[in-house]
Amino acid sequence: MSTNYADMQLVGVKRENDKDAEGRTEPTVGRETKPAERIDTAGADPTAHDDRFEVMADMFQRWIPVLVLPLITFGLLLGGWTWLQSTVSPDLPTPVQVWDEAVFLLGDPFYDHGPNDMGIGWQVLYSLGRVLTGFGLAALVGIPLGLMMGASLSMRRALGPVVQLLRPVSPLAWLPLGLLVFEAVNPSAIFVIFITSIWPILINTAAGVQAIPRDYTNVSQVLRLGRLEAARKILIPATMPYILTGMRLALGIAWMVIVAAEMLTGGVGIGFFIWDEWNNLNVASIIVSIFVIGLVGIALDGGVALIKKRFDYAPA
Amino acid sequence: MSHYLNIDYLDMTFATPRGPLNVLNNVNLKVQKGDFVSIIGHSGCGKSTVLNIVAGLLRATTGGVLLEEREVVEPGPERAVVFQNHSLLPWMTVYENVRLAVDKVRRGAPRAERDAWTLENLERVHMTHAKDQYPGEISGGMKQRVGIARALAMEPKVLLMDEPFGALDALTRAHLQDEVMKLQSELGNTVLMVTHDVDEAVLLSDRIVMMTNGPAATIGEVLEIDLPKPRERLVMADNAQYNHYRAEVLRFLHERHKNPESEAA
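Chains L and V, in that order, give the protein sequences.
If you use the numbering used here, the first sequence closes out at 316, no skipped numbers anywhere.
If you use the numbering used here, the second sequence closes out at 265, no skipped numbers anywhere.
One or more hints might be untrue.
Claimed, not checked - In silico EDC-like links for lysine to aspartate or glutamate, alpha-carbon gap of 20 Å or less:
#1 V:Lys229 with V:Asp169
#2 L:Lys309 with V:Glu137
#3 V:Lys157 with V:Asp35
#4 V:Lys33 with V:Asp199
#5 V:Lys104 with L:Asp215
#6 L:Lys309 with V:Asp132
#7 V:Lys33 with V:Asp11
#8 V:Lys104 with L:Glu229
#9 V:Lys229 with V:Glu78
#10 V:Lys30 with V:Glu78
#11 V:Lys30 with V:Asp206
#12 V:Lys182 with V:Asp132
By construction, these hints were calculated from the structure, which means they are not laboratory data.
Here chain L stands alone, though its shape is the one from the complex (with noise of 0.2 Å):
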């Protein structure tokens, strides 16, 4: 049941394993021999109904946990909440309040009066596009540069200080500098968004390059592969699993700082939303946005996940 539950925490890495078990060495071991287990113990035991009943047995009991164990941790969720709100926090909305505030944004998401009153669904594409061009800009500045790290010692040292210094600064201090050079909120959000997505393409790329085992760099050697025919055949898909998973790191990350930068940029976006909503003194809302924002990020883990899977390889 634990591993279960690990499962769905690690909905990424369940789906990479999923691929070595199914794809590679061993393909569908597991699953030929779960019918037969079946039959057998059908077979053993006289008491047993037929097929089907064993068939809905096995459902039931491998998705009892995955629904019912953390239905039971939202039931708690809840249950903490009402008590919260009915004895120390009777400002706190109620749940049936933030259903019925949910109900009412997620209805008509993309309403549009003006660019001081637009609907959740706006506010999160107005963030995702801030997000996905900062991001976009890192990874076209931090995979080229990563693979000139990884694969140069002279690079190593001109920018390893550098990114150690800067990497641990919250891209949120970068800012105000964002708004003296551009002059504009929008600009200066997609700026944040790029420092923070910079360092983890960045490292992990680099780590990827170095990484590389030394028989695949012999193989360019003895094929006198160029250095354009090198990077092509040889680091980058050698070094792809690593962009990916820094791409993966930096997505997540860059979605979480959205919300607090534009809560100080203003405009529209899903974090300037929760600041006005706060202004507002509407917690339902808040609390939507919330669950809202969560849902976002794991699309997009998701979606790098996928793309991850298709650039994968199975260790020879």
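Given chain L, put chain V in place with the hints provided.
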């Protein structure tokens, strides 16, 4: 006179944190065209270092290698290597792995010709059926076959093999040894193979080069294997001459140049 492959006065010293370490000392070896030469010795005696210097992956501290009177200064496909751990690129299919080499050595040839040459080499090692599979999906023996196909596709002047069957189980190893023997008799390749398997060395080689233990390892003895080819594994098992050669190598390895680790124990 100059031979096909000359390994002359090789000295190799690595810089280590504990000072310079002399691995090879004055290694000299001549190989004739079409010869199958094995280098045998205990682990750590530097036999792979010799091979890597011939491959051009390492530069000797002093001395050098001449192939057809040209000095070896860098790696190249005319000295194709079958690596111990196959070194297939896992993101490419079996076909693509061989094709990568073919595209390199047959640059400028029509696409159809390169395709045909790729398939021909896969067929030589009986791997055509798995051409669209990835290295992670095939067995160790199959991977090594593909590694051999890739090396053969380069039509090397010298085929270098670095313990090519070391990671395989005994049965697969025997099977692949037979195939390499067959391929070599068909194609007449010049082969330099590093091994620590006595039977493998005697069965496959025209000459066995026995190396002393390191540091400062050098060639202890060279044994000519004067057995008619093709050799049959089962026939050889009862052949007095074969067993004599085998005993020679064993005596060298276990009497005169005992494994330094077993001596310490």
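How the hints compare with the structure:
| no. | hint | verdict |
| --- | --- | --- |
| 1 | V:Lys229 with V:Asp169 | 25 Å, violated |
| 2 | L:Lys309 with V:Glu137 | 16 Å, holds |
| 3 | V:Lys157 with V:Asp35 | 11 Å, holds |
| 4 | V:Lys33 with V:Asp199 | 23 Å, violated |
| 5 | V:Lys104 with L:Asp215 | 18 Å, holds |
| 6 | L:Lys309 with V:Asp132 | 19 Å, holds |
| 7 | V:Lys33 with V:Asp11 | 24 Å, violated |
| 8 | V:Lys104 with L:Glu229 | 10 Å, holds |
| 9 | V:Lys229 with V:Glu78 | 25 Å, violated |
| 10 | V:Lys30 with V:Glu78 | 18 Å, holds |
| 11 | V:Lys30 with V:Asp206 | 13 Å, holds |
| 12 | V:Lys182 with V:Asp132 | 26 Å, violated |
Taken one by one, the earlier hints fail for this structure at numbers 1, 4, 7, 9 and 12, listed in ascending order.
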